[in-house]
Amino acid sequence: MSDKSISRRKFLVGAGAVLGAASVSGLALANRPSAARAAGAALPWPYIGLDAEAVARRAYEVYYASGCAEATWWPIVEALAAANPDTWGTLPKNVFKFGGGGVGGWGTVCGTLNGSSAIIAMTGASGKLTDAAMQYYAETPLPTNGIDKAVRAGWAPVAGLPTPLPNVPTSTAHSQLCHASLSQWAMTTGAGDGSREQKDRCAKACYDMAFKTVTMLNAWHADPANVPTVTLDSSIAACQTACHTTPIAKGKMACDSCHDQTPDHASVQ
Amino acid sequence: MRKASHLTMLAIAIVCVFGVFAVSAYTSPTSTTPPTGDDAVAPTTTSDINDSYIGDATIDLTAADNDGGWGVAYIYYKLDHGYTHLFTVGTTAETSVTVKAPAIGSAASATHKISFWSQDKFGNVEQRTTKTFTVNAAKFVTALTLKRSASRVRALQPFTLSGVIRPGAVCKVAAQRRKPGTRTWKTHWVRTTAGSGAYSCRYRTGVKGTWSFRTRFTESPSSLGSVSPIVRVRVK
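Chains A and B, in that order, are what the protein sequence lines are. If you want our numbering, it's the position in the first sequence, counting the first as 1, plus 13. If you want our numbering, it's the position in the second sequence, counting the first as 1, plus 1101.
Simulated from the structure, these hints should not be mistaken for lab results. No experiment lies behind these values; they were computed from the predicted model shown. It is possible that part of the hints are untrue.
Taking lysine-lysine pairs in the BS3-like style, the calculated list, with each CA pair at most 30 Å apart, reads [as the list claims (entries may be wrong)]:
1. Lys-263(A) - Lys-106(A)
2. Lys-1248(B) - Lys-1309(B)
3. Lys-1309(B) - Lys-1280(B)
4. Lys-1201(B) - Lys-1214(B)
5. Lys-265(A) - Lys-1214(B)
6. Lys-1232(B) - Lys-1201(B)
7. Lys-1232(B) - Lys-265(A)
8. Lys-263(A) - Lys-1214(B)
9. Lys-110(A) - Lys-212(A)
Please model the complete structure; the sequences and the hints are all you need to start from.
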């Protein structure tokens, strides 16, 4: 009797497991884009106005799991996916995880700018928004501590994630590079790489850049005349236009973020 | 019944006393409860910076938040191409920056750029203020001479004190005198020397006795030859 009963239970459990596995795989298949859907999903993809604050808070959270580039990219994808299952809904998580630490820890372009620029391009918005994001990152004292307002209002990140440190010191990077901007902040604050403070700074930078990106996208998609005004750093005209006309590679990055020569350096012996 | 009544009275009294204490603590002006409400205004940082300095420059930075603001949290400054320095405000929102002058004797000067700004406890960050200033090497002297036009004069008869500073430069020298019968030196004038380093001054007094005079180079008091020899004039 007892053996029979156990056997029935085992059977029921086994049957349940089979059914569960079947339904999970069925759901997974249902969520997978068909070849036709994927083939038809040419960029740009549709954009609907998002809640910048909600996306930014999510960016703060995603940073701790997947790094800065993914944190600025995924929350926007996630927010757009529900209304757009054939486009944004087809994307998997962690596509931009590679961009953390300036691409695989190489300290090049800050991951927040990588994620932000990708989203801007995917929605078909003006490249001026990318320029504005680049400039905002370099010339704004970051982190803005904007997330403090949410914390004061009672918001807390999901369980297990650190609460934002209140009103931390800020620094203006004058550079889009992970290495330069984070070093500038670290030298100002004395916080070590990998410290609680450094991670807090980068999580908040994700908040700031996600907020900025969504704010710009909302404005541009509401009216494409809403193109942000971007004035390039004066060192660009002084160096690239006035003297270095050839053969150096052009760029929009402030020359003096890396080169500290005075404008008359060619004539100084 | 009577016992219960006493206990009730005691309980009421305790509640009243603690209640008064609790209310007074909550409304105390020294309460450290953080401010509430938004603060949209950044603090303001001021400095006592000059256009130029002789010797090391010390620049004081003072920050103040707006009325009703959350208070100043940090003062920042950046000197030339260096990294940003952070001062975390404790009891006073003041800090200072010292910029070293070129080495004495180098006769050189250096132009610097300083930017400073503050952040309040709400998180508002002030726009940077940027100033340019020059720090000149401290002047130095190897010799400071002092001569008198007469060793003896009558009361109220003018006489001249003159000298020269070497190497010649436009700078300030202070003349000091010691009255007859005293041991204390008092500065009675400060003169700016000519480009050659020469200076002079006429002097007269009605106080009779032996007067002592000397001059001092005040811009770098510790440099060699910064005090002249003492000369004496007897007033009859």
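Hints and how they fare:
Using a Cα cut-off of 30 Å, the hinted pair Lys-263(A) and Lys-106(A) is violated, with the two alpha carbons roughly 34 Å apart. The hinted pair formed by Lys-1248(B) and Lys-1309(B) meets the criterion: a straight-line CA distance of about 20 Å does not exceed 30 Å. With a C-alpha separation of about 9 Å, the suggested pair Lys-1309(B) and Lys-1280(B) falls inside the 30 Å cut-off, and the hint holds. As the CA atoms of Lys-1201(B) and Lys-1214(B) are separated by approximately 13 Å, the hinted pair is consistent with the 30 Å bound.
Between Lys-265(A) and Lys-1214(B) the alpha-carbon distance is near 25 Å, which keeps this suggested pair within the 30 Å criterion. For a cut-off of 30 Å, the pair hint linking Lys-1232(B) to Lys-1201(B) stands: about 17 Å separates their Cα positions. Taking the CA atoms of Lys-1232(B) and Lys-265(A), the gap is near 27 Å; set against the 30 Å cutoff, the hint holds. With a C-alpha separation of about 28 Å, the suggested pairing of Lys-263(A) with Lys-1214(B) holds against the 30 Å cut-off.
For the given pair, Lys-110(A) sits about 16 Å from Lys-212(A) by alpha-carbon distance, which is consistent with the 30 Å threshold.
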